[in-house]
Amino acid sequence: MKLIPDLIKKITDNEIWKSVFRHGYTDTPRNRVLQIISNVWLHLHPAKVREHGTKIRFTWCMGGITFFIFLFETITGILLMFYYVPDVNRAYADMVDLMYVVPFGRFLRNSHRWGAHAMVITVSIHMLRVFLTGSYKPPRQFNWVIGVVLLVLTLLLSFTGYLLPWDQLGYWAITVGTNMARATPLLGHEGPFAYILGMRADNDIRFALLGGTTIGAPALLRAYVWHCIAIPVIASGLMMMHFWRVRKDGGISGPL
Amino acid sequence: MEVRAESKGLVEFKDDRVFTWPTLVAKEFLAAIFVTVGLLFYSYVVDAPLRELSNPGQAENPAKAPWYFLGLQEALVYFDPWFAGVALPSLIIVGLILIPYLDINPKGNGYYTFKERKFAVSVFVLGYIYWYVLVYIGTALRGPFWAFFWPWEKWTHDFPTPPPLHDMPLPLGIILMMGFYFVGLVLPAMINRDFFNKLGIVRYVLTMGLLLTMIGTVIKMILRLSFSIKYIIATPWINI
Numbered sequence: 001m002k003l004i005p006d007l008i009k010k011i012t013d014n015e016i017w018k019s020v021f022r023h024g025y026t027d028t029p030r031n032r033v034l035q036i037i038s039n040v041w042l043h044l045h046p047a048k049v050r051e052h053g054t055k056i057r058f059t060w061c062m063g064g065i066t067f068f069i070f071l072f073e074t075i076t077g078i079l080l081m082f083y084y085v086p087d088v089n090r091a092y093a094d095m096v097d098l099m100y101v102v103p104f105g106r107f108l109r110n111s112h113r114w115g116a117h118a119m120v121i122t123v124s125i126h127m128l129r130v131f132l133t134g135s136y137k138p139p140r141q142f143n144w145v146i147g148v149v150l151l152v153l154t155l156l157l158s159f160t161g162y163l164l165p166w167d168q169l170g171y172w173a174i175t176v177g178t179n180m181a182r183a184t185p186l187l188g189h190e191g192p193f194a195y196i197l198g199m200r201a202d203n204d205i206r207f208a209l210l211g212g213t214t215i216g217a218p219a220l221l222r223a224y225v226w227h228c229i230a231i232p233v234i235a236s237g238l239m240m241m242h243f244w245r246v247r248k249d250g251g252i253s254g255p256l
Numbered sequence: 257m258e259v260r261a262e263s264k265g266l267v268e269f270k271d272d273r274v275f276t277w278p279t280l281v282a283k284e285f286l287a288a289i290f291v292t293v294g295l296l297f298y299s300y301v302v303d304a305p306l307r308e309l310s311n312p313g314q315a316e317n318p319a320k321a322p323w324y325f326l327g328l329q330e331a332l333v334y335f336d337p338w339f340a341g342v343a344l345p346s347l348i349i350v351g352l353i354l355i356p357y358l359d360i361n362p363k364g365n366g367y368y369t370f371k372e373r374k375f376a377v378s379v380f381v382l383g384y385i386y387w388y389v390l391v392y393i394g395t396a397l398r399g400p401f402w403a404f405f406w407p408w409e410k411w412t413h414d415f416p417t418p419p420p421l422h423d424m425p426l427p428l429g430i431i432l433m434m435g436f437y438f439v440g441l442v443l444p445a446m447i448n449r450d451f452f453n454k455l456g457i458v459r460y461v462l463t464m465g466l467l468l469t470m471i472g473t474v475i476k477m478i479l480r481l482s483f484s485i486k487y488i489i490a491t492p493w494i495n496i
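Protein chains in written order, with the working numbering: chain A, 1 to 256; chain B, 257 to 496.
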């Protein structure tokens, strides 16, 4: 049968194909390297990695999956932003529209929501794996620190998104959550020793978070901006450092 | 492959590296596909919750934070908000950040082992389980007014009034608290001199202080559940 090789030749041996794909692929060590270093997306990897870094029974694949879900959430999140306005008079109606009117809106929202929960789970399993393999040991101490901050940012990303539907579930969950800030020692007006700094309901740390004494329009806008812009930007920057240092520290695990 | 180390002659250098393409990239690609299919399938079958329009005048009962914070909300039963909602999560984050600097055991770097780092693995795994047990209790077993219900019980507003709580006398509370940390810090150092000497005083105090605080939260829960103790230390300014 020469059909398949002929077909491949027909498809690939022309100017259009060659203008897109600059070289053919024959499985040689040199080409395996080129596949990685000449591809803008793949060159996040080194050309070669230590063998345990490719074993799923070692890595559980959880760090990579967490990053992938972050990208998944970014894409679904951007699509959701076309249909959602963070205004207290509109937000809930936009959610109902997403669930009943927008084509694939329900599917879009569901996948964003479940992806967020999945990311919290995968990032926590990733941390467990890194701990159990001792991967925070020298020279990777500081990358563990970045990882802990990223874990907290993941929780905050999910938490800020919780308010956006502006339904009873989100409203009261954020009420419970932000009420904790009220009790911050020194900085919250119901916290221990708050009188020293003269904290009141309208000048304490909870007020700064919510932009008010109750959860209203400013709180919704703040949650939205933190959720869609500020935290993703900060998390992206830290992720760059996280991945960069994995490479600079000689792979995901083991002494240098 | 051989590398010449300075003045040491030839040393063996084990190169266990493999090509990223296709070994790793293929697996990553498959994982991405599985995760996407899984998420999309789940999203197709299960709808994300959306309740009625938010109403500041009508509180949800129970009002629950997102599930990953319910361990802390559960801790609110036993501690004041400044501790359960602020100090405790801060201590957890600081404790996590400190791990690489406190654990100076060079063994177990890059492979799974329990034998070579029994203390570190036990503490972390127990803490990890503790967190998720509290999350589970807060999520599944707490009903209206945060009352406790077993999984087979129906949530109802009609449950017996919990027994009244009382505080420990202040001097007793202070003695117990100081005694707990004192004994907890001194006793292990005396029994296991080696452990203390290896860590040095600063690492030792930080490690044990954080561990004792974790154990202390469990003890407080036991005191509350068995003896109806509300506060161990009750003062006009701060309660623990």
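These are calculated hints, taken from the structure and not from any lab test.
Careful: at least some of the hints might be erroneous.
[Said to hold, decoys possible] Cut-off 35 Å, straight-line C-alpha distance, at most; resulting in silico cross-link-like pairs (DSBU-like, lysine-lysine):
hint : chain 1 : residue 1 : chain 2 : residue 2
1    : B       : Lys374    : A       : Lys55
2    : B       : Lys454    : B       : Lys320
3    : A       : Lys55     : B       : Lys486
4    : A       : Lys9      : B       : Lys270
5    : B       : Lys374    : A       : Lys10
6    : B       : Lys476    : A       : Lys248
7    : B       : Lys476    : A       : Lys55
8    : B       : Lys371    : A       : Lys10
9    : B       : Lys363    : A       : Lys18
10   : A       : Lys248    : B       : Lys320
11   : B       : Lys454    : A       : Lys55
12   : B       : Lys320    : A       : Lys55
13   : B       : Lys374    : A       : Lys248
[Unchecked claim] Derived, one-sided and incomplete: chain A residues facing chain B with beta-carbon distance under 8 Å:
hint : residue
14   : Ile16
15   : Pro46
16   : Tyr83
17   : Arg109
18   : Asn110
19   : Gly134
20   : Phe159
21   : Thr160
22   : Pro192
[To be verified] Far from chain A, some chain B residues (derived; all Cβ distances over 12 Å):
hint : residue
23   : Ala315
24   : Ile349
25   : Phe405
26   : Met434
C-beta atoms are modelled at their ideal positions from N, C-alpha and C, and glycine is treated no differently.
Cross-check of the supplied hints:
no.	hint	result
1	B:Lys374 <-> A:Lys55	holds, 24 Å
2	B:Lys454 <-> B:Lys320	violated, 44 Å
3	A:Lys55 <-> B:Lys486	violated, 50 Å
4	A:Lys9 <-> B:Lys270	violated, 42 Å
5	B:Lys374 <-> A:Lys10	violated, 62 Å
6	B:Lys476 <-> A:Lys248	violated, 45 Å
7	B:Lys476 <-> A:Lys55	violated, 43 Å
8	B:Lys371 <-> A:Lys10	violated, 60 Å
9	B:Lys363 <-> A:Lys18	violated, 51 Å
10	A:Lys248 <-> B:Lys320	violated, 42 Å
11	B:Lys454 <-> A:Lys55	holds, 34 Å
12	B:Lys320 <-> A:Lys55	violated, 39 Å
13	B:Lys374 <-> A:Lys248	holds, 29 Å
14	Ile16	violated, 25 Å
15	Pro46	holds, 6 Å
16	Tyr83	violated, 14 Å
17	Arg109	holds, 6 Å
18	Asn110	holds, 4 Å
19	Gly134	holds, 4 Å
20	Phe159	holds, 6 Å
21	Thr160	violated, 10 Å
22	Pro192	holds, 4 Å
23	Ala315	violated, 6 Å
24	Ile349	violated, 6 Å
25	Phe405	holds, 19 Å
26	Met434	holds, 19 Å
When the structure is compared with the earlier hints, violations turn up for hints 2, 3, 4, 5, 6, 7, 8, 9, 10, 12, 14, 16, 21, 23 and 24 and for no others.
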